[in-house]
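Please construct the entire structure, taking both the sequences and the accompanying hints into account.
Chains S and U supply the protein sequences, listed in that same order.
Going left to right, the first sequence walks through residues 1 to 222 as the UniProt record's numbering numbers them.
Going left to right, the second sequence walks through residues 1 to 254 as the UniProt record's numbering numbers them.
For the record, the hints were derived by calculation from the structure and aren't laboratory data.
Keep in mind that the hints are not guaranteed to be accurate.
[Said to hold, decoys possible] If we take Cβ atoms under 7 Å as the criterion, some of the chain S residues that face chain U in the derived model are:
id, residue
1, ILE147
2, LEU155
3, LEU161
4, PRO163
5, LEU165
6, GLY198
7, ALA213
8, ALA215
[Said to hold, decoys possible] Derived lysine-lysine pairs resembling BS3-like cross-links, with alpha carbons at most 27 Å apart:
id, chain 1, residue 1, chain 2, residue 2
9, S, LYS157, U, LYS155
10, U, LYS23, U, LYS243
11, S, LYS217, U, LYS155
12, U, LYS155, S, LYS156
13, U, LYS155, S, LYS72
Even glycine gets a Cβ: it sits at the ideal position worked out from N, Cα and C.
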Amino acid sequence: MRGFFYLIKRDLTLAFRRRGEATNSLVFFGLVVLLFPIGIGASEKLLSEVAPGLIWIAALLATMLSLDNLFKEDFQDGTLEQWALSEHSLVSFAWARLFSHWVITAVPLIIVAPLFAISLSLPAEAIWVLVLSLLLGTPLLIFIGGIGVALTTGLKKSSMLLPLLVLPFYIPVLIFGASAVEVTAGGWSAAGQLYVLGALFVLGIALAPFAVASALKVSVSQ
Amino acid sequence: MNIIAKWYYRLGAPNWFYPLAGKMIPWVAAIFVALLIPGLYMGLVTAPADYQQGESFRIMYVHVPAAWLSMFVYAAMAIAAVVALVWRVRMAEIMIISSAPIGASFAFIALITGSLWGKPMWGAWWVWDARLTSELILFFIYLGIFALYNAIEDKQTAGKAMSILTLVGVINLPIIHYSVVWWNTLHQAATVSKFDTPSIHIDMLIPLLLMAAAFQFLYLLLLLMKMRANLLEQDLASGWVKKIVFERQKNLKK
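Have a look at this one:
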């Protein structure tokens with residue numbers, strides 16, 4: 001347990017001292033959102049209609065791309081191997097790393113998401129649901145994505161492989177996340193979608209670290 | 001216990017499996033053909049035309065078995081993944097990697113025939129129907145498993161990584177399927193009239209069941225052939241392959 005908190009503290013300190021890197025996925029998120037009005041036209045009506053799905057897809061892609069180096073550094077310098085050999089379990093290692101990654105990359109994204117939502121003229125009441133759905137959804141994206149990263153960590157060329165492994169498993173999160181926002185924008189209650197998202201959240205953060213840990217064990221042993 | 005241990009070692013031994021599979025292949029092929037011919041004949045000729053869909057419903061006899069098999073193959077792979085991870089049976093890993101392209105092909109056939117069926121029925125090549133969409137996702141999951149195995153050079157690691165991914169997939173597939181169903185009912189009004197009416201005429205059902213059984217044996221046939229090929233490819237340097245090659249050469253000289 002001490003190792004768990006130590007690791008979170010270390011990751012957050014490191015990220016804080018290299019603030020530039022953490023903003024990369026934020027900039028990517030902004031750029032993707034910017035591309036849509038340019039690609040499909042800037043009509044306010046059209047944009048507000050597609051805004052929920054659009055912001056969710058942008059957040060999903062930004063989160064997925066930020067995952068690439070989740071374990072790479074530790075794998076290359078042998079830290080991961082030492083961790084696997086030590087008395088600390090790989091599950092708590094995985095949990096700590098995934099959690100601190102969420103704080104570093106997803107929390108800033110959730111904070112700026114309302115700004116982009118306003119720029120796409122999403123109704124004000126939907127913005128709160130957007131924040132809530134991202135709060136529940138982004139940890140899931142990171143925890144599920146972590147499985148894919150752990151499986152491909154030992155590989156030299158893995159950049160195109162990760163999306164192929166991970167994106168199919170992102171579909172339920174996208175469905176419920178985007179639809180929660182959309183339903184609210186249409187004037188209905190999004191409680192059902194948020195409940196399902198919450199259930200997936202609990203399931204994901206409880207089970208995914210075990211898959212991540214066993215995948216890491218496989219990657220370390222090669 | 002003794003019997004279990006014996007089978008455990010035998011199933012793990014490629015030099016035992018390879019000739020056995022070779023002996024099974026002609027029999028499995030014969031059963032496949034014996035089921036396929038009456039199934040196709042009854043399905044395409046003797047089954048009555050559907051009163052709504054006319055003759056075009058006959059594509060069902062390829063589409064439905066392919067869709068069933070695409071799911072069955074994944075279930076078989078998931079069971080093999082548990083066996084591979086828990087008991088470290090290498091043959092189970094070979095079975096998964098041999099199944100993945102077959103399963104992907106069945107999913108692909110189901111998608112293509114579904115789209116061909118959709119054109120006269122729905123008036124469009126592709127409809128974002130819940131079942132078509134989840135079939136497409138299943139197809140991509142198969143490709144992911146295949147891609148992961150091929151990307152890792154060390155095949156021992158690749159087998160374990162692939163087994164983990166297969167298991168993650170089997171937990172996620174029901175979630176994906178039901179969320180897609182949910183998404184579909186929310187987003188669009190039911191454009192599809194119910195095809196799966198439970199009351200299917202017996203003359204239509206029998207050929208369907210025959211075709212489904214034929215496809216099962218097709219899977220078994222392709223699986224055995226693919227497993228043999230994969231075993232040879234991986235064990236090129238080992239003794240039992242050399243022995244087989246040596247015997248082949250001896251037979252050729254005669």
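Exercise. Hint numbers the structure violates, sorted upward?
Worked result: Hints 4, 6 and 7 not satisfied by this model.
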